[in-house]
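Mapped onto our numbering, the consecutive letters of the sequence shown carry residue numbers 1166 to 1547.
What the hints contain is simulated information worked out from the structure, not anything from laboratory work. Backbone N, C-alpha and C fix where the C-beta goes; we use that ideal spot for every residue, glycine too. Hints may contain errors.
List time: in silico DMTMM-like cross-link candidates among lysine to aspartate or glutamate, alpha-carbon distance up to 20 Å [claimed, not checked]: (1) LYS1198 - GLU1178; (2) LYS1480 - ASP1390; (3) LYS1179 - GLU1196.
The calculated label-pair distances, taken between Cβ atoms and stated as ranges, are [to be verified]: (4) THR1324 - ALA1397: 18 to 28 Å; (5) THR1545 - PRO1321: 57 to 67 Å; (6) MET1463 - THR1324: 39 to 49 Å; (7) THR1306 - ASN1378: 40 to 50 Å.
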Amino acid sequence: MEEIEKVIESVKEKVENFKTNTEKHDTEINELKEKQAQIDKQVLELQQKSIKIDAPKEQSTVGDSFVKSDSYQAFAKGNARSAAFVFKADTAPDPIGIGTLAPKDRRPGVLAEPNQSLVIEGLIPHLPTSVTTVEYLKEGTFTNNAAFVAEAAQKPQSTDTFELMQSNVQTIAHFTKVTRQLIDDSSTLAAFINARMVYGVNLKVEQQIINGNGTSPNLGGLMKDGNYTAQAFTYSDLGGDSGTLLDLLRLSIAKVNAANYRANAILLNPMDWAKLQGLKGSNDQYLYGVPSISFENMTAWGVRVVTSASMTEGKYLVGDFSQAATIYDRMSTVIDIASQNENDFIKNLFTIRAERRLALVVEHPKALVGGSLAMPTKPTGT
């Protein structure tokens, strides 16, 4: 484009110089005009190509990016003994799956059982970190003694206590062995990486975020004691004989909101959600309406219901997940492949490894209310 601009300026100068002597230089001027017309055509073509180049590109999956990477190409051609690739997602995983890590088409090459929907990471904010231990101050008790005071009178003192907390970055990884035939089929390899290697890591992350016991190298999950507020509602709180488990969710939502948070999701096992949908009133009619109603946008008391098979059946969690916890990403998904492991070389096998590193920090347990999804015991004699 710079060269074209220089030619255009040259043409303009020559045209100005030859205006005073047009009869003598008619032939040259005509040639220059024809050249300028050709240049204008080239500029238009370049502009059109530029528009096509700037068009949005479809997001690649981890497997697609791996088989297209320079490292894998060198490995496939025999110019390298191993291949490694780090996938960096543009966004955090979305609430209904694993976001940009989820392949758009998992069928070619790998016919396996359906994958579990991964939902929990989409509810929690993600932040990058470059350390191995995340430290944060957790508020203990706050005594608010603020009051109206007379002029020149002593002001009251409020007290607030804090506790220094730590959460270690943990590694989630696995490996498997594959044959040369799978390595040679790049489309099948890409599908396998997405459907098994990446999915396997993210499935374990989902399970740990919900149920991790906090003992290294496990994460301290949302359902770990102390990371949420256990429901302690009584039989009368839920309306006595007329109360249902839906009332338990209603009061849990209210308790989150009363702590100055805003409940934005209810986490349930799919079987428990099905039981709630099947509750009937005294007239033997379903409380959630007729079975023909679509439950595509699932809600209870106006709050979105999120189901995960990783949630223990008989348990529930209501909360402001965006305020309750944070996921600190130390290392995004990494895919490694090599044939120098054990006796892989002589067996014509290859070892593929996938891993992530992250920490989970639950800063505000009061933003989460949950526990046993069961009606309180009816008092004796009532």
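Are there hints from earlier that the structure breaks, and if so, what are their numbers?
5, 7
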